[in-house]
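Asker: Residue-level listing of the chains:
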Amino acid sequence: MSDVNTATTALDAERAEKEYSGPMLAADGTPLKRSLNRALRRQKMRALLLIAPLLIFVLVTFIAPIADMLFRSVENEIVQNTLPRTTKALDQWSGEDGTTPDAPVYKALYQDIYVAQERKLHTRLGSRLNYELTGASSLFRKSGRGVDDIGEVYQDQFEDLNAFWKKGENWNEIFGSDAWLAQIKDWKKASGTPQPVFEMRDGIADIFPQTASYYLIFADFVQTVDEDNLYKEDPWPLIYSAFYDDMAGDTAAAIASYSGPGATEIAEAAAAAPGFETVDYKAAFVKIDKDWGASPIWGTIRAYSPKFTSGYFLNAVDMQKSADGPQLRPENERIYGTLFLRTLFMSVCITLSCILLGYPVGWILANLPARSANLLMILVLLPFWTSLLVRTSAWKVMLQQQGVVNDTLVWLGVVADDSRLALINNQTGTIIAMTHILLPFMILPLYSVMKTVPPSYLRAAKSLGATNWTAFWRVYFPQSVPGIGAGSILVFILSIGYYITPEIVGGTTGTFISNRIAYHISSSLNWGLAAALGAILLAVVLGLYYAYDKIVGIDNVKLGG
Amino acid sequence: MADTSATNAFVEFERVQKSYDGENLVVKDLNLSMPKGEFLTMLGPSGSGKTTCLMMLAGFETATHGDIRLDGKSINNIPPHKRGIGMVFQNYALFPHMTVAENLAFPLEVRKMGKSDREEKVKIALDRVQMGAFGGRRPAQLSGGQQQRVALARALVFEPELVLMDEPLGALDKQLRETLQFEITHLAHELGITVVYVTHDQTEALTMSDRVAVFENGRIQQLAPPDLLYEEPENSFVAQFIGENNTLEGVVKEIKGGTCLVQLDGGGMIEAKPINVTQAGERTRVSIRPERVEFNKDRMPEGAHTLKAEVLEFVYMGDIFRTRLRVAGTDNFIIKTRNAPDQVRLKPGQQIEIGWLAEDCRALDA
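Here the protein sequences line up with chains B and A, keeping their order.
Quick note: the first sequence uses the numbering used here, first residue 10, plus one each step.
Quick note: the second sequence uses the numbering used here, first residue 20, plus one each step.
Keep in mind that the hints were calculated from the coordinates and are not lab data.
A short, non-exhaustive set of chain B residues, derived as facing chain A with CB atoms under 10 Å: (1) PRO463; (2) ARG468; (3) ALA469; (4) SER472; (5) GLY474; (6) THR476; (7) THR479; (8) ALA480; (9) VAL484; (10) GLN488; (11) VAL490.
Only a predicted model underlies this, so the values are computations on that prediction, with no experimental measurement involved.
Glycine included, C-beta positions come from ideal geometry on N, C-alpha and C.
Please build the complete structure, drawing on both the sequences and the hints.
Answerer: So, in structure tokens, the structure goes:
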């Protein structure tokens, strides 16, 4: 009887299910989707926890540096940070070829370079601009040495007027607040306590706006960079020139009614200042270096004054900024295009020779009995157990003009002694050595894919009337294509970014773009260009990967099984 | 054993030997000849040499010694693709990167057949195995049974006269296997092709074949039509291997006329038909099929020898009852009785007497 009962209830349930049309419900009435999600959440959390250490590691050590590198390829704050007043003043300049900016720009340049040379930043800016304009580096170094003299014109005149202006104490009395002055006078460097931070006297900035602003920079520099006692420090010549500018500026009336410390000396100076000898900043800079009197350096500074620049990328594709926008460099200055093409071409060569050499080995490995296959596999893997440098150096020994290969060929009489083959320090050397080094990356995926192709396919093809070649080409080869695909992607992407082997055996004609990147990272220190080249390389690889996916299909890539 | 001298032989093995390692013979002195249109099954446990024979015939292995002839011509030196032999493999071996239709067109294509002819033949071949609607699919999208049908169609599409099948139904479930067994024999007879079929499944061998060659240890133990093989096994291996079998060991006491007397090791004397025994005193194994044993006194044949037996186990199997008995010292004596309305269901512990006809009881080699 019970059998009959369960049968009816089962039928009823089925009928009820058919009539119900809403979302599928679980046994307890909650929507099936929600209860499934709840059941899976724990699993997802656990999976996430398991990958978290690696994820964090990769984020910190891999993703973040790459992001930083990509940022460097467009980042260009150094010009604006080092020459803030100049770049601002330069906005007024038309930028036309053959013209130079107006006098205020030169004055701003003096102020900027003075501060920069005290902080030793001008040489860095020089190197940066030197990437864009040869000679900029020495120009800035020279200017850094020369700016001292420009300001001294005013310094001397104030000091000649009154010895009061020679002393740092007097300047501090004028510009420092009373509270700070009280503290600094008690402070001894030997005591070990930190120097009281400079505080500007109230209202003084309204009277001497320019002097005050430079005095702040000066005080900060002395206290934090030089770590000298500010109270006893004599001001920079820059302060004197700013002081003169204030005397001659809009605040002359305020100065006349000044009554703070040193009021008598200030009144005296204000009276004398109009008679002072003035400085022609432009002439002074042209005297330091005549390049300041020509438009190229100004064009370069203006072109690179924004915070972000496409300059590195233009450089990386053999272009440069000009007044008419980006344009190709002169033919004899183009190197990166050739280098990129050469890298691609040689990587293709290496991949092809790996396929040619690796395919038969993979085949043998997959078809040998397990014992011999294991032995052969060890031979294939042997290179992995030897240091990359050792292997590459071994190739150097093998391939050089007096090397093993050439000696053997001469001994065999294949080549004459006086026409030994150039097998190293060129593309041939790089291709030979890299093929050898990357071969296992081709053989392993080929092997693991071929291992999964049962021999019965070939037998079936032959029994159906196919010759050995047809059976191989029509039946076996198509099934091994995923292995070729996987191996090619591995070898190609590895070789496109390879560095050490081309560096050692490549000479000048057999080097890759990566060698150029390394050069910019470690020798020329042009990190921005290195980053731009790296970013382009990354984009090329991703582009090829995308194309590969479209043409071959990434689903067709197998590393085994 | 085998009639090697038959004049109408289509496939012939003559004194064929095969060794892989130079030390052991996998196939020992194989002689076999089959006429055109025959369905011959090579049956045997794994490692008995049957697949090696098939591979030698297909050309994937070369005979170490001897001659293999196809239609009177020696094929020892003909490469596989020129032998024109169709072959069906255990794992189907359908090319995964081609569609079903492309798989079938492959043998025609390598034979340089024109496109329209090709398409027509492929269509006929697919229809023949009821797979006409699946031409555009990939093998991976088919079930095991469908794949095997396609493999069969592919082996037949180029109209070979000889088709080899290497355990083609081994990976299928029982029901599908039975359906396909029927389809394959039906097709083979309809097309008049000669088939060499390798299997280790004796039911398959018995139901499909014209003749069965039982392989063991590199030799053909018996080559006979299925009914003879089952009812008149020539040695104890064949008796054991084909169907279920009861074996009693003993010593021949006396041979006279068509029968012999055997003194069983476990006690008791029985009459048997001497097959492999020639004189008194020889050890022998007596073989009796479970369904030829009778325990109902009313139906016991006239003059049957009887033995005492104890029922150990009774298994209900639907159409038959399978009863395990203790007889003459062995615990593995099986009898099978049909499930008829008047049939007695034995109970464990029951003491009975069993008997059989002397001619159903064969005295074979020890």
